[in-house]
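In this text, residue positions in the sequence shown follow UniProt numbering: the first is 1, and each later residue adds one.
Treat the hints as calculated values from the structure; they're not laboratory data. All C-beta atoms in this analysis are idealised placements derived from N, C-alpha and C, irrespective of residue type, glycine included. One should not assume that every hint holds.
Here are the computed lysine-lysine pairs in the DSSO-like style, where the Cα-Cα straight-line distance is at most 30 Å [as the list claims (entries may be wrong)]: (1) Lys75 with Lys52; (2) Lys48 with Lys75; (3) Lys84 with Lys52; (4) Lys75 with Lys63; (5) Lys84 with Lys48; (6) Lys52 with Lys63.
Beta-carbon label-pair distances, calculated as ranges [claimed, not checked]: (7) Pro47 with Glu15: 28 to 38 Å; (8) Asn10 with Val42: 34 to 44 Å; (9) Leu69 with Asn32: 15 to 25 Å; (10) Glu12 with Leu69: 22 to 32 Å; (11) Asn5 with Ile73: 42 to 52 Å; (12) Gln8 with Pro47: 14 to 24 Å.
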Amino acid sequence: MEEQNENQLNIELSEEIAEGVYSNLAIITHSNSEFVLDFIRVMPGVPKARVKSRIILTPEHAKRLLSALEDNIEKYETINGRIKVQPDHPGFPMNFGGTMGQA
């Protein structure tokens with residue numbers, strides 16, 4: 001008989017969730033008991049965008065997520081080089097820095 005580690009957690013990933021949701025904007029808010037991460041997809045030339053996914057975390061889990069992201073970014077940059085971040089701009093550029101198309 002196969003022994004299973006008591007600390008092992010089996011995680012299932014459905015096909016729908018495995019597809020993921022693309023986001024190019026995240027808005028983070030918090031209260032004294034939770035952090036709320038809203039993931040949004042903003043499209044060029046469209047002045048309205050919907051939240052595509054919302055994740056609610058306890059403060060402890062938010063800090064663990066931050067630590068995990070820092071660790072993964074460090075590993076990524078070791079292999080792929082430093083991630084370049086654009087200087088802060090006031091507001092969110094609706095044209096994504098490119099030219100606006102005309103019909």
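Here is how each hint holds up against the structure:
no.	hint	verdict
1	Lys75 with Lys52	28 Å, holds
2	Lys48 with Lys75	35 Å, violated
3	Lys84 with Lys52	26 Å, holds
4	Lys75 with Lys63	19 Å, holds
5	Lys84 with Lys48	27 Å, holds
6	Lys52 with Lys63	23 Å, holds
7	Pro47 with Glu15: 28 to 38 Å	33 Å, holds
8	Asn10 with Val42: 34 to 44 Å	36 Å, holds
9	Leu69 with Asn32: 15 to 25 Å	23 Å, holds
10	Glu12 with Leu69: 22 to 32 Å	23 Å, holds
11	Asn5 with Ile73: 42 to 52 Å	29 Å, violated
12	Gln8 with Pro47: 14 to 24 Å	48 Å, violated
Consistency note: the structure conflicts with the earlier hints numbered 2, 11, 12.
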